[in-house]
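Trainee: The primary structure of each chain is shown beneath.
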Amino acid sequence: MLRIHNLYKSYDDLEVLKGISFELARQEVKVIFGPSGSGKSTLLRCINMLDPPDEGEIFLSGQNITASGINLNSVRTKIGMVFQHFNLFSHLKAVDNVSIGLRKVKKLPKEVAQKKALEALDRVRLKDWANHYPAQLSGGQQQRVGIARALAMEPEVILFDEPTSALDPELIGEVLQTMLDLAKSGTTMIVVTHEMGFARAVASEMIYIGDGVVEERGTPQHFFTSPNSDRVKRFLNQLNTLYGTHEQLLQTGDEENYK
Amino acid sequence: MFQTTPTILEQFIIVLGYWDRLLSGFVVTLWLYGWAILIGFFLGLFLAILRQYGGWFISRVSTSYIEFMRGTPLLVQIFIIYYVPLALNFPVGSWNFKTNFLLAGKNITIVLLNQQILAGIITLGLNSAAYQAEYFRGAFMSISTGQLLAAQSLGMSRFSGIRNIILPQALRRVIPAWSNEAAYLPKYTVIVYFIGVLEIFAQAHNIVAITFISLPTYLIVAVIFLITISIISKLLDIVHSRTRIPGL
Chain A
8 MLRIHNLYKS
18 YDDLEVLKGI
28 SFELARQEVK
38 VIFGPSGSGK
48 STLLRCINML
58 DPPDEGEIFL
68 SGQNITASGI
78 NLNSVRTKIG
88 MVFQHFNLFS
98 HLKAVDNVSI
108 GLRKVKKLPK
118 EVAQKKALEA
128 LDRVRLKDWA
138 NHYPAQLSGG
148 QQQRVGIARA
158 LAMEPEVILF
168 DEPTSALDPE
178 LIGEVLQTML
188 DLAKSGTTMI
198 VVTHEMGFAR
208 AVASEMIYIG
218 DGVVEERGTP
228 QHFFTSPNSD
238 RVKRFLNQLN
248 TLYGTHEQLL
258 QTGDEENYK
Chain B
-19 MFQTTPTILE
-9 QFIIVLGYWD
1 RLLSGFVVTL
11 WLYGWAILIG
21 FFLGLFLAIL
31 RQYGGWFISR
41 VSTSYIEFMR
51 GTPLLVQIFI
61 IYYVPLALNF
71 PVGSWNFKTN
81 FLLAGKNITI
91 VLLNQQILAG
101 IITLGLNSAA
111 YQAEYFRGAF
121 MSISTGQLLA
131 AQSLGMSRFS
141 GIRNIILPQA
151 LRRVIPAWSN
161 EAAYLPKYTV
171 IVYFIGVLEI
181 FAQAHNIVAI
191 TFISLPTYLI
201 VAVIFLITIS
211 IISKLLDIVH
221 SRTRIPGL
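Protein chains in written order, with this note's numbering: chain A, 8 to 266; chain B, -19 to 228.
Okay, chain B solo, but in the shape it has when bound (with noise of 0.2 Å):
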């Protein structure tokens, strides 16, 4: 009935006997990060190419999107797309896919999709298409225009020139830049948990609840956050040197 304080060693130790929740909520994490990052980068090069050699119409409104995306709480856009739909009665029902194992004796149940996780990777991908756009535009934007013209000169239409001529450059040259995002972005999932998903910080919070030890809880989460996005820069790291045009 006296329990004794445990020391900061035992807090941690106790804590990290919930490692199957950690995994699970890492994997979570992980996987709306995977896919946020992919729709923003295919969406925001698309805003970027819109942007830039869109002509005037078009390329107000991907700057549009782009601000409004920007200069909106991440919070707010997560609660429209989840809860605008509920309010307008649309039948999202409830449902998910789930994925179940057995690790270490522990039967791990990890839910990797159902409306909230939908609603989260939608909100993430958006927001992120609009940052990522940015770089992109940077990025074409250093890249001379006299390098089009010559392609034109050749007979290439202006979209072919993009694409064969621009792009592999830009692609390269906004590796370092583009690294922010990739960075930001693991560490911007946590808004899910407003929602109700369960990634690592919900995970984390639950560990809280139970054990009452949240100082070393949340010290593990950022160490994995540490290591994950380490992994992420260096990996980029590699991509850059490798992609390197020579003599540049």
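Only chain A is shown next, with the shape it has when bound in the complex (with noise of 0.2 Å):
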């Protein structure tokens, strides 16, 4: 569904990718990972053509998008975006921030795009924070309300970047619940996290990023067993060491003491 072929990107100087490939099916899961500064994030504005790349080719739906005389701004409703520092839009309530694109790029009446809005904070467990603003909300439940701002537009793939990496510990496993709930219900993603347990529990396959290029990529099962990699072991390590996995945040199963 989305094949992302050779980007290369540089700024200035500094060469931040150097021929990155890979593709994504629909439905799946994509875990990207590495250490800070090996492209992450560039990649992920590349791949909605944010910040376009200097070569190489990113087809959506067999389109290509990199193409000249794309019409960027309707490509970019197919790809939904969740920033690291969530972006809300300040001056709207959470149920206007989840709306405005429905009403200012889909053109949808006024009351239909509330109405879808409200659907998404249901998926996101925040009907009821709807008409509150972005500051009187948590840090988490600001990021839940940029993934329903994103997934409102129901664009065909979702691109998380680094979405828990600015919050407080006790918040993360709310953000990251809601991400698993997505994943289960068949939701197309790229994640760029260095939370490992949920890696483990929805990534169809891992990437490691390093220094601007695809260093080793693989099912969880393969990077937590064996990697092949002394770098990509190594890190594995420290982030376990620093963080640990959070998996007792998650709950794979069917509990209903989540709320």
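You may find that some hints are simply not true.
[What the hints assert, rightly or not] Across the chosen pairs, the derived CB separations fall in these ranges:
#	chain 1	residue 1	chain 2	residue 2	range
1	A	S81	B	L151	26 to 32 Å
2	A	E62	B	S137	21 to 27 Å
3	A	N244	B	R224	45 to 51 Å
4	B	A67	A	I77	53 to 59 Å
5	A	S81	B	A157	36 to 42 Å
6	A	N244	B	S221	51 to 57 Å
7	A	K122	B	F26	35 to 41 Å
These are computed hints drawn from the structure, not numbers from a lab. Every residue gets a Cβ at the ideal spot worked out from N, C-alpha and C, and that includes glycine.
Since each chain sits alone in its own frame, please combine them into the complex, following the hints.
Mentor: Below, the structure written as structure tokens:
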């Protein structure tokens, strides 16, 4: 569904992406991880063309979105994005944050957009907070509004750029749980994260990016039992020491005690 | 023939006897101020958007305009705008648009528009735009670029993002800083006195010429400005708190 072929991107003299390729099938969840500065965020921004790559091609449902003359605005409606720092619109209530794209981009009538926005908020369990402004919400709630905002546009794929790394530890769980629910309901996702518990639970493939190239890829099983490269091994060990896996935060079964 | 000098109180009363002149001058001052701040607002907003989001060339053009207007004396600007068309023999002609009414037994005539007033409004508007643009730019910069990225990630064009996301927040945030311009500008309008517009300062000058009472006259003018600007500030405070974003 999404095919990324040989992406290159530099900022001045700094080469950030050095030929990245991978493909993503419908309903797949791909986790991208690696040391900071290795180009993960740049890669996501290239994928939705907020920061177009210097070289290489990206095909979304067969359409080459890196070709010249493509209407990028309409391409971006098909690629949702969730940001590390949420980037909610501070002057709008939660529900309006979610509905503004529907109104201004998809040109839906106000009532329809409102209804869809409430449905999206319901999916992230924030329906009761619809009339709060971003500054009145906790970080975890803000990020869930961010997820609902992307979700409401009904994109073909949602990109998550370190969605939990700006959050206080006690707020990470609710966001991961929301993402887990989405993954299980068949949302196609690319997630840049260091949450290995999440990766283990839902990733169909993990990609380790180091120095702007795909250094190693494989199933979570592969990475957690026998990664090939020593760098990957060391990195995973560091993550485990620093953050743990947060596995206890995730309820992968159908327990109902999550609120 | 040997008139005694009037006491201070009497001097104030004599000057206030010319209230019709003060009133008509005050109306002209407010009229100039209103147009100048309005032109400055829209042109300033436009300049700020061009400077902040316009790309290399357009941004330079906008910056040059702002620096020229802020870097040259207002008096020179008004002379250029008023005298250059005359020097080039443009058919500016002599015309005016005035209003006439009777108030408390006095017949008051106020010229609202003639070539001098028009030159004044244009100059003050163009000049204020440069200052207002910088207040707006400051407000734009204070809003995280992430919000514009988020808007674009939803499929909004850059323009739509600026219009729907940045602008509503910037206009709220700019009010405290912008109130500086709103408070300065009424006093800057005094500059049109130099091209012969009968605004409040020119009228005060005339009253002094008639009565030879100077300090009380100018004190009265000062009090009129003080009251006017206090009201403007208060109004802006109200607007600021009414448009506050909850939680911020």
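Trainee: Holds or violated: the 21 to 27 Å window for the beta-carbon distance between E62/A and S137/B?
Mentor: holds, 26 Å
Trainee: Would you say the C-beta atoms of S81/A and A157/B sit inside 36 to 42 Å of each other?
Mentor: 38 Å Cβ-Cβ, so the 36 to 42 Å window holds.
Trainee: Holds or violated: 53 to 59 Å for the Cβ distance of A67/B and I77/A?
Mentor: Taking Cβ atoms as reference, A67/B and I77/A lie about 54 Å apart, which means the hint holds.
Trainee: Are K122/A and F26/B spaced within 35 to 41 Å by their CB atoms?
Mentor: Hint holds: Cβ distance 37 Å, inside 35 to 41 Å.
Trainee: How does the Cβ-Cβ distance of S81/A and L151/B compare with 26 to 32 Å: does it lie in that range?
Mentor: At 29 Å between Cβs, range holds.
Trainee: Taking the Cβ atom of N244/A and the Cβ atom of S221/B, is their distance within the range 51 to 57 Å?
Mentor: holds, 54 Å
Trainee: Given a hinted range of 45 to 51 Å, is it respected by the beta-carbon distance of N244/A and R224/B?
Mentor: With a Cβ separation near 49 Å, N244/A and R224/B satisfy 45 to 51 Å, so the hint holds.
The structure agrees with every numbered hint stated previously.
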